[in-house]
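J.: Read top to bottom, the protein sequences are chains A and B.
With our numbering as the guide, the letters of the first sequence map in order to residues 1 to 79.
With our numbering as the guide, the letters of the second sequence map in order to residues 1001 to 1158.
Everything labelled a hint here was simulated from the structure, so no lab data went into it.
Here the structure is a predicted model, which means the values were calculated and not measured.
Mixed in with the good hints there might be a few duds.
[What the hints assert, rightly or not] Straight line, CA to CA, 27 Å or less: simulated DSS-like cross-link-like pairs of lysine-lysine: (1) K1090(B) x K66(A); (2) K23(A) x K1096(B); (3) K23(A) x K1090(B); (4) K1006(B) x K1018(B).
[As the list claims (entries may be wrong)] Which chain A residues face chain B? A few, computed with CB under 7 Å, are given here: (5) P18; (6) V21; (7) W53; (8) N63; (9) G67.
Glycine residues also receive a C-beta, built at the ideal position from the N, C-alpha and C atoms.
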Amino acid sequence: MAEITPNKVLDARGLQCPMPVVKTSQEIKTIGVGEVLQVLATDPGSMADITAWCKSTGNELLNMEKGGGVFTFYIKRVR
Amino acid sequence: MNEAKKCSIVVFSGDMDKQFAAFIIATTAAAMGMETSMFFTFWGLQALKKKGLKTGKGFFGRMLGFMFKDIEGVGPSKMNFGGIGRWMFKKMMKDKGVTSLVELRQTAIDLGVKLQPCQMSMEVMEITKEDLIDEAADPVGAAAYVLDAQQADITLFI
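Please build the complete structure, drawing on both the sequences and the hints.
T.: Below, the structure written as structure tokens:
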């Protein structure tokens, strides 16, 4: 898979529910449609939560990685 | 585009834990693109009261005003032990990076969650609009809530 280059990075490490999702919803508005937001989180619940948030808002979750206790999400702003 | 989905929450409880649940769900619903409103009634009104303000005019009203806390003063529904539980939970939550109730309320405001106080509870408890935070919406009655709930996709009573 080709490397995804994010347009912006949101560091939500150390934050607990619901802040990773809340901050993602605020940050996605600062990038253009079609651009990619990278979200870093340590909350294990964010795996299910960011996925649910993407499903509900219609933004596209391009990829999700886990490594060293950090979850990394690549979200493409669709609308 | 479809009209935004709606979430309507009654906050009846003045317990710290329950208010946490209410604000976490409200901020999340707003973050997920839902038009969200919270209706604060009875003990729930404490979430909107200005900090350190003594309310009430008559004897009972003032007595109640003394007991009636602001959002930072509410204690957990179990194990409060006269305030020790509140302190313990606040400390544990802070240590684990959980956002405080005040910050969650501010987040709700930032996300456009409508904070509606119940008019009748305010009358009974002798709380005026001036006793509540500036961001609180104008007081409403049950019909306003029912209309809100009728149109909502999620309704909760906490």
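J.: Check whether the Cα positions of K1090(B) and K66(A) lie no farther apart than 27 Å.
T.: violated, 30 Å
J.: Could you grab the alpha-carbon distance between K23(A) and K1096(B) and see if it respects the 27 Å cut-off?
T.: holds, 18 Å
J.: Would the hint on N63(A) be counted as holding, given a Cβ-Cβ threshold of 7 Å to chain B?
T.: For N63(A), the interface hint is violated, since the closest Cβ of chain B sits about 21 Å away, which is over 7 Å.
J.: Regarding the hint that P18(A) lies at the interface with chain B, is the smallest CB-CB distance below 7 Å?
T.: It holds, given that the least Cβ distance between P18(A) and chain B is near 4 Å, below 7 Å.
J.: Double-check W53(A) for me: the hint is only fine if its C-beta lies closer than 7 Å to a C-beta in chain B.
T.: The hint holds - W53(A) has a Cβ within 7 Å of chain B, the shortest such distance being about 6 Å.
J.: Given V21(A) was flagged as interface, is its beta-carbon under 7 Å from a beta-carbon of chain B?
T.: With a minimum Cβ separation of about 5 Å from chain B (threshold 7 Å), the hint on V21(A) holds.
J.: So if I understand the rule, the pair passes when the alpha-carbon distance is 27 Å or less; does K1006(B) with K1018(B) pass?
T.: Satisfied, since the Cα-Cα distance of roughly 21 Å is no more than 27 Å.
J.: The hint names G67(A) as touching chain B; please verify it with the least Cβ-Cβ distance against 7 Å.
T.: violated, 20 Å
J.: Mind checking the alpha carbons of K23(A) and K1090(B) for me, to see if they're no more than 27 Å apart?
T.: holds, 22 Å
Going down the numbered hints, you'll see the structure goes against 1, 8, 9, while the others check out.
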